[in-house]
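Enquirer: In the order they appear, the protein sequences are chains A and B. With the working numbering applied, the first sequence corresponds to residues 1 to 66, in that order. With the working numbering applied, the second sequence corresponds to residues 1001 to 1430, in that order.
Simulated from the structure, these hints should not be mistaken for lab results. These numbers were taken from a predicted model, which means no experiment stands behind them. Be aware that one or more of the hints could be misleading.
What the hints assert, rightly or not - Examples of chain A residues lying across from chain B (beta carbon under 7 Å, computed):
(1) Ser8
(2) Gln11
(3) Asn14
(4) Leu18
(5) Gly30
(6) Ala53
(7) Asn54
(8) Pro56
(9) Asp63
Claimed, not checked - Restraint ranges, calculated between C-beta atoms of paired labels, are given here:
(10) Gly22(A) <-> Arg1232(B): 24 to 34 Å
(11) Gln29(A) <-> Pro1289(B): 38 to 48 Å
(12) Asp63(A) <-> Pro1094(B): 41 to 51 Å
(13) Pro42(A) <-> Ile1011(B): 48 to 58 Å
(14) Arg1400(B) <-> Gly22(A): 27 to 37 Å
(15) Arg1165(B) <-> Asp6(A): 25 to 35 Å
(16) Asp6(A) <-> Ser1125(B): 38 to 48 Å
(17) Gly22(A) <-> Ala1012(B): 51 to 61 Å
(18) Glu1117(B) <-> Asp6(A): 52 to 62 Å
(19) Gln29(A) <-> Asp1328(B): 27 to 37 Å
Note that beta-carbon positions come from the ideal geometry of N, C-alpha and C, so glycine has one too.
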Amino acid sequence: MRVHVDPSRCQGHNRCVLLAPGLFETDDQGFAREANQGLVPPELEAQARRAAANCPELAILLDEGP
Amino acid sequence: MADGERRQRAIAEAMALDLSSADFLAREFEIWDLLRSELPVARTSRVPTLDVPMNAWVLTRYDDIADVLRRPEDFSSQVGIYPVRPWIPQAIDPPAHTAYRRILNPEFTAEQMAKLEPYLEQYASELVDRMLVNDPFDFIADFADPFPTVIFCELVGFPLADHPRIMDWKNVLMHATDGHPRGRAAAREKGRQLGIEIAADAELTLEQSFRIRAAVGLEIYAYLQGLIEERRRQPADDLVTKLLTARYDGERPLTQEEIEDTLFLLFMAGLDTVASVLGLVVKGFAEDPAKRREFVALMEDPGRVADAIEELVRYHAIVTMPRRATRDLEIRGERIATHEIVACPSPAANRDPEQFACPHELHFDRSPNRHLGFGIGPHRCLGINLARRELRIGLQAFHRRCPDYRLDPSRKPELFGGMKGVGSLWLVRA
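Kindly generate the complete structure, drawing on both the sequences and the hints.
Expert: Here it is, written out as structure tokens:
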């Protein structure tokens, strides 16, 4: 699984960083981006889904992969 | 009730909508539910929260409100109700808004706010200790009001000695006529100083309250000018100083007026919001001991308390955001004319059953929870990370020392509306 934050949608609510601190980080403006090229280890997949579901701006894209 | 009758009632409720009235505050969510199902794009006869008597619209569905707040090109934040000048960045649209936010955002990141943690913890527990010397005690006067405002004054650079004056100004500007007890008293006092005749039992007229608020607005500007002058001479580690060295678009320094208008906004937004939510949360917990115990049981668990704070902000949302249509357009087939105001109440959006299962219940582990308590779109609350941290630390500090309490039966909580909150909240330890 991979995650990607759409920078044109993210407004910096920081919900993803709170819900999945290993998968997302923020820049100096407080906007979120994916950490580690967006690669989601299997044990963090539930966190990734939770972060995507809770983004108020619907800015997080999940790629479930093959 | 027949469908036609419900719709007629919705039309009447919407036309008479007055977010500050005691009647509205007692029935708020019943009214939002009625409008959301019968009249999701409703005409009203005065602008909610601004109290200006002119035709306006009020929305109640989550999707509609989120959509309006995400479209600043169609729904401008320049609503033209500011007593002196529009506040930066709240009343400014992109692209200028974006440039101002680029200056302010780095000062309010989670990393920056994390540095305040030890100070917040210490100050919160000091206030709680002092408050609990008395029983009964007023949670608003002794905790909810001073906690976030003193922190904020320090962050921005307002001298602590000016705190009482600053609170009075804020109360007049935000709460002259919304049922806030100290706002009402301070506005009347200011009115007398200005030679405005106010009968003891009469409410301020629109014209009187505007004159009073404009006079206070000018006093605040004069105060800010003094503070800016001082920091020019002697820089400090605060936001005023940072604004003096900031570059707009990385090119030019901010003008004197831009600095003043930014500080003015911080002043208004920073002094009131967390206090209001703290007041509403604790009032709710006083009335619902089972929910309070549920919160106390989870509040030391970092993952669970973060979700619980989001849910409390959803449930106790306070802000109704006004926007102005920049052109003729339609929402759900209703024709909105250029320059008409569209009010977006976050309390209504946050109780929409299409978006939130069992919206009138507090579920501390709710997911998904894309609430609008901090707004949405480009104007999303600048202080979001400070607010979250203050709410968590404030509620933890209070409930560690005082996990059981109830309302003082002899003194009812005083509520105010528009920008919702609690003016006084007398509690007794159980």
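Enquirer: None of the hints should be skipped; say for each whether it holds.
Expert: Quick rundown of the hints versus the structure:
no. : hint                                : in the structure
1   : Ser8                                : violated, 12 Å
2   : Gln11                               : holds, 5 Å
3   : Asn14                               : holds, 6 Å
4   : Leu18                               : holds, 5 Å
5   : Gly30                               : holds, 4 Å
6   : Ala53                               : holds, 4 Å
7   : Asn54                               : holds, 5 Å
8   : Pro56                               : holds, 4 Å
9   : Asp63                               : violated, 19 Å
10  : Gly22(A) <-> Arg1232(B): 24 to 34 Å : violated, 44 Å
11  : Gln29(A) <-> Pro1289(B): 38 to 48 Å : holds, 42 Å
12  : Asp63(A) <-> Pro1094(B): 41 to 51 Å : violated, 30 Å
13  : Pro42(A) <-> Ile1011(B): 48 to 58 Å : holds, 55 Å
14  : Arg1400(B) <-> Gly22(A): 27 to 37 Å : holds, 29 Å
15  : Arg1165(B) <-> Asp6(A): 25 to 35 Å  : violated, 45 Å
16  : Asp6(A) <-> Ser1125(B): 38 to 48 Å  : holds, 41 Å
17  : Gly22(A) <-> Ala1012(B): 51 to 61 Å : holds, 53 Å
18  : Glu1117(B) <-> Asp6(A): 52 to 62 Å  : violated, 31 Å
19  : Gln29(A) <-> Asp1328(B): 27 to 37 Å : holds, 35 Å
Checked against the numbered hints given earlier, this structure breaks hints 1, 9, 10, 12, 15, 18; the rest are met.
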